[in-house]
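Asker: So you can see what is in the structure, the chains are spelled out below.
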Amino acid sequence: MKKTLMGVSFLVLALMMVSALLCAGNRISADMNRLFLMIGTVAWFVVTPFWMKREG
Amino acid sequence: MQEYRVMTDKESGKIVDVPVEEFEREPVPERATKGLRSYIGMFAGEHVAGTELLIGPLFVVHGVSAFDLLLGLLAGNLLAVLTWTFVTAPIAVKHRLTLYFQLEKIGGASLVKVYNLANGILWCCVAAAMIYVSATAVAWPLGFKMPGLNDMLPSGPGLTVTVILTGLLFAFIAARGYAAVAHFANIAAPWMVVMFIIFGIASLPELGINSLSDFWRIANDSIWPGHVQPGRIKFTFWHVMFFSWFGNMAWHWGMGDLSIFRFARKSSYGFASAAGMFFGHYMAWICAGLLYAVQLHRNSADVAITPGPLAFGVAGWAGIILVLVAGWTTANPIIYRAGLAFQSLHPKWTRVNVTMAAGVVASVVGVFPGLCSKFLDVAALYGLSLCPMGAVIFADHYFMRKLGLVDFYAERAGLRNWWPPLAAWLMALAACVIMNKVFDVQIFFLGLPGWITAGLLYLVMSKMAQRSSVGGEVRI
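Chain order of the listed sequences is W and X.
Note that numbering that gives the first Met the number 0 gives residue 40 to position 41 of the first sequence, counting from 1, and the numbers run on in steps of one.
Note that numbering that gives the first Met the number 0 gives residue 293 to position 294 of the second sequence, counting from 1, and the numbers run on in steps of one.
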């Protein structure tokens, strides 16, 4: 389960990068990119705490 | 400084401070050492902070050219990594002591108190900049007036109140729930690194960069065109190199990271600092500069450096969240540590109250935007002020015995106060002031002369003082 969630988190970061690259290549609009970044940010902070445990 | 973890007492339900086993007054044992991965993660996370959003644009304001910036950052960050690896880490791994305990052995408990006072004040100033950065992310969506580039005083009541409330909130959290925010900072770190990269990528089309071949031309013409803003000095390759080398001077030349590297299995782990210098500083400062270039591209008269609007312009609300989180997660440990530094002056003060007081000081300082528009000078001053103590530790470690002198003199002579280290510190700073005021040496170039002066003065004064000392028995 932990590995799956970790995979989801890093997939979210990768998709955010892809969104920015598509925006840079004029494949999607700047507004669409901003929306994807916001969705990715929410997804990262929802999923990551489930696998990144507190140290100590 | 003793670190604490805030926990809930199971029986009473009260929040209590529990000392963390940090080996404050003993060498770190072999069983507690950490591997290379811990260091890579820590450096990568710690060097992507809210203040990067000030530093990147300030390079543009100081009229640096693209060539000077890219090469200067490369050279300076490389030198910083080498300094951590070959100056700081070997001493840390040899003794495995905190900076504070090592200073106490050399100069006595009184020296540590003076150091903590200076450190606490400087930390409040750095925390103030981070509070300001986060506050711009809150104040701008509310429509409050933002300060201009050269404004020294607050731009209006809206931003002033926002900075103070943001600072007080950070201080309250630092005082009551440091561990929770530290965990949140760990969660946010990879996302923050990616967001900075996205800032850079998403800026490109608006600047007219559609291919690699476009980049160099537009970098020279539009991003770092070399125009100096009025009232600023022109930055060259040397300014960028020395700033990026000495931006963290308090931690490497100043030996602040003895406390970190004493847990390292090998001194070569100093190379892990490359993760922070290149994924953090190098990349983040360039990407923050691109954000500022977008703002100037939209309105060339809008030269203000306000991180909230800068980030929103390219990344929307995710950018606003980044600014808020980047300021918060880095201001939090700094306010906490400033509180511990002040508490060490008077152990009967409660940590919660002292941390709140440090937060109030940082909030009041953060109200003044001049601190942030001059942040390069503030960062250089921070490193310069503390680095002489690193020179004292370096000289004590490598040269005292070779010169027939006694190292760790205060401990061996049983003294609470041994004057040569403090005198070397103050005289080195005085020499730097003279170099600055009389010989016009800019603050960015004073770090190394100040460090060398402190080391030499410490050796000379130790030779004089130890020869004439009639103090107690010295145990070698």
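No wet-lab data here; the hints were simulated from the structure.
Hints may contain errors.
As the list claims (entries may be wrong) - Derived lysine-lysine pairs resembling BS3-like cross-links, with alpha carbons at most 30 Å apart: (1) X/Lys401 with X/Lys265; (2) X/Lys265 with X/Lys93; (3) W/Lys52 with X/Lys401; (4) W/Lys2 with X/Lys401; (5) X/Lys93 with W/Lys2; (6) W/Lys1 with X/Lys401.
For clarity, every value in this text was computed on a predicted model and none was experimentally measured.
Asker: A separate judgement is required for each hint: does it hold in the structure or not?
Answerer: Outcome of the hint check:
Between the alpha carbons of X/Lys401 and X/Lys265 the distance comes to roughly 25 Å, so the proposed pair stays at or under 30 Å and holds. Straight-line distance between C-alpha atoms of X/Lys265 and X/Lys93 comes to about 10 Å, which keeps the hinted pair within the 30 Å bound. In summary, the hint linking W/Lys52 to X/Lys401 is not supported, as the alpha carbons are separated by about 48 Å, beyond the 30 Å threshold. A distance of roughly 54 Å separates the Cα atoms of W/Lys2 and X/Lys401; the hinted pair therefore is violated under the 30 Å criterion.
Simply put, X/Lys93 and W/Lys2 have alpha-carbon atoms about 38 Å apart, too far for the 30 Å limit, and the pair is violated. For the suggested pair W/Lys1 and X/Lys401, the alpha carbons sit about 55 Å apart, so the restraint of at most 30 Å is broken.
Hint compliance for this structure: hints 3, 4, 5 and 6 are not met, and every other hint is.
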